[in-house]
Amino acid sequence: MSIEVRHVTKRFGDFVALDDVSVSIPTGQLTALLGPSGGGKSTLLRIIAGLETADTGSVSIEGRDATHEPAQKRNVGFVFQHYAAFKHMSVAKNVAFGLEIRKTPKDEVRERVDELLRLVHLEQFADRKPSQLSGGQRQRMALARALAVRPSVLLLDEPFGALDAQVRKELRDWLRHLHDEVPVTTVFVTHDQEEALEVADEIVVVNEGRIEQVGTPDDLYDAPANPFVMGFLGPVTALGGRLVRPHDVHVFTEPPAGLAATEGRVVRALRVGFEVRLDVAPVHAPDAPPTTVTLTRAESRTLGAEAGSSVWLRPAPNALTLAV
Amino acid sequence: MARTSPWVRRTLRVVVVAYLVLLVGWPVSLVVRATFADGLTALSGALSDPTVAFSLRLTVAVALQATLLNTVFGVGISLLLVRTDFRGKRLLSALIDLPLSVSPVVVGLAIVLAYGPRGSWFGPWLAEHGVDVVFAPAGIVLATAFVSLPLVVREVVPVLEEIGTDEVQAARSLGASSLQTFWRITLPSIRWALVYGVVLTLARSLGEFGAVKIVSGNLEGRTQTATLLVEQRYHDFDHATAYAVAFLLAAVSVACITLVTYLRPAHGADR
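Quick mapping for you: the protein sequence lines, in order, are chains A and B. For the first sequence, numbering that gives the first Met the number 0 assigns the number 0 to the initial residue and increments by one for each residue that follows. For the second sequence, numbering that gives the first Met the number 0 assigns the number 0 to the initial residue and increments by one for each residue that follows.
With the rest of the complex left out, here is chain A:
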């Protein structure tokens, strides 16, 4: 195990950011720390990096107890949400920084910088200043800079949070490919479940200073440990006192023969892209929040259900449901 966190607690005044957190991060994989804002995931990442110290507990990196080591000594690469580019240095100098600190000979530095700039496709920007780069390019430079010193661990703190949606998606894919090429143990923090599901080999769900669940994207999506994880990883809706995925709800325009179904009235039908979302108010509890059902356009057309019509709902057989 590359990183072992044991019984870490961190308080900021009265606020408990992390409460007796223990987790093992596997070597060579891309692990996501996923959770809502303020949940403690950035704090955990920074404690691993040595940018914060835990109040109690221990952190070991590659078998070495790093709990009392300053960030300077831990040989971890860190990428910040807002790039933390050295504004007064060129891109090449930025990337070379860690190497120059270690007094690496000049020609070795140049070779390594060229290699990394090629890796991140920024060769022609070597002499530009960071202010002349776009946000996505700055983040790629930050990654090259972090990788230059061959860290044992690469940590990214919401690396794409400051970028617009299109660039975010591109860089997400790019990070995955980069990791396949350069398999450093990587941990990244995100509050975007789509990002975690797409990119990570393993996800650690962090909420309110505690770890809710650890597993592969499929594990978490198909077998969530509790309603929070289910609700955070994907859309949920309530039906008959249980939580179910909106796309796992079967809709009938007549009571289905021999099957238990909840009767309801379609309150709203919304077309969003290729999806159709129906809000269905159950007849036995018209004031309860409506159940949301997601259908494809084709399904919706076949069904013919519209606002005002009566429908019967039941969870699909073998669908995941959790008690509310």
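If you're looking for bench data, these hints aren't it; they were derived computationally from the structure. Glycine residues also receive a C-beta, built at the ideal position from the N, C-alpha and C atoms. Any given hint could be a false lead.
What the hints assert, rightly or not - Per label pair, the in silico range of CB-to-CB distance:
#, chain 1, residue 1, chain 2, residue 2, range
1, B, VAL20, A, LYS102, 36 to 46 Å
2, A, SER36, B, LEU21, 25 to 35 Å
3, A, ASP126, B, TRP182, 20 to 30 Å
4, B, ARG221, A, ASP126, 32 to 42 Å
5, B, ARG82, A, SER89, 21 to 31 Å
Please build the complex by placing chain B on the supplied structure of chain A, with the hints as guidance.
This is chain B only, laid out in the frame that chain A set:
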């Protein structure tokens, strides 16, 4: 910006220029006129006077020492104020502005009380060990450093606050020590604000009068700075020398301000 009528803008411009001319430009230009009323004789006469030459050398030496002190401590204090938290931090910040609000005469008196050879805390001890503070150049440096203390701090603190600590943390994560981080990251990022603060400190230090008058004892050829000399010569009806030395002081100040004006746009574009 809202459109103001051209007349309003022109009137404002005239008022501002007139104010600056009447308050600053015209009186200073008269000093220049008076200096060169007899060609270069006033200047050459003044410069060949050994007392004058000494006072100019003393002024420059004091200004450089005070500026050096305030640069080093100014940067240190700025880092302390921005990057650390401790009880009484706001009080410290207010105290730093004290030299600007307190009359320099009060400063001079305070230093005499604190470091004078009789009846003060450090004075007798220092005098025993051969260190003269009051009525000696050391006291002048102290007084000058005090009055120009806030200038570097007030320039550097806003810049430090704006750039935040992300770059510093990045440098640490890449293996840089505190000193390396300060030298390679922090210092370059505040360099223009620092230069601006240093030039202001230098200009202020050259022109200090009140505090120095009290602390130095105004001893000709020993502790008399250029500003003190100007006052004395003026009162002794040696107007030519007074104007000449005043002109030199003004010329250096103008040079400082001009330098700083050309640094400022660079500072804006450099970020």
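Comparing the hints with the structure gives:
no.: 1; hint: VAL20(B) x LYS102(A): 36 to 46 Å; in the structure: violated (58 Å)
no.: 2; hint: SER36(A) x LEU21(B): 25 to 35 Å; in the structure: violated (58 Å)
no.: 3; hint: ASP126(A) x TRP182(B): 20 to 30 Å; in the structure: holds (23 Å)
no.: 4; hint: ARG221(B) x ASP126(A): 32 to 42 Å; in the structure: violated (56 Å)
no.: 5; hint: ARG82(B) x SER89(A): 21 to 31 Å; in the structure: holds (26 Å)
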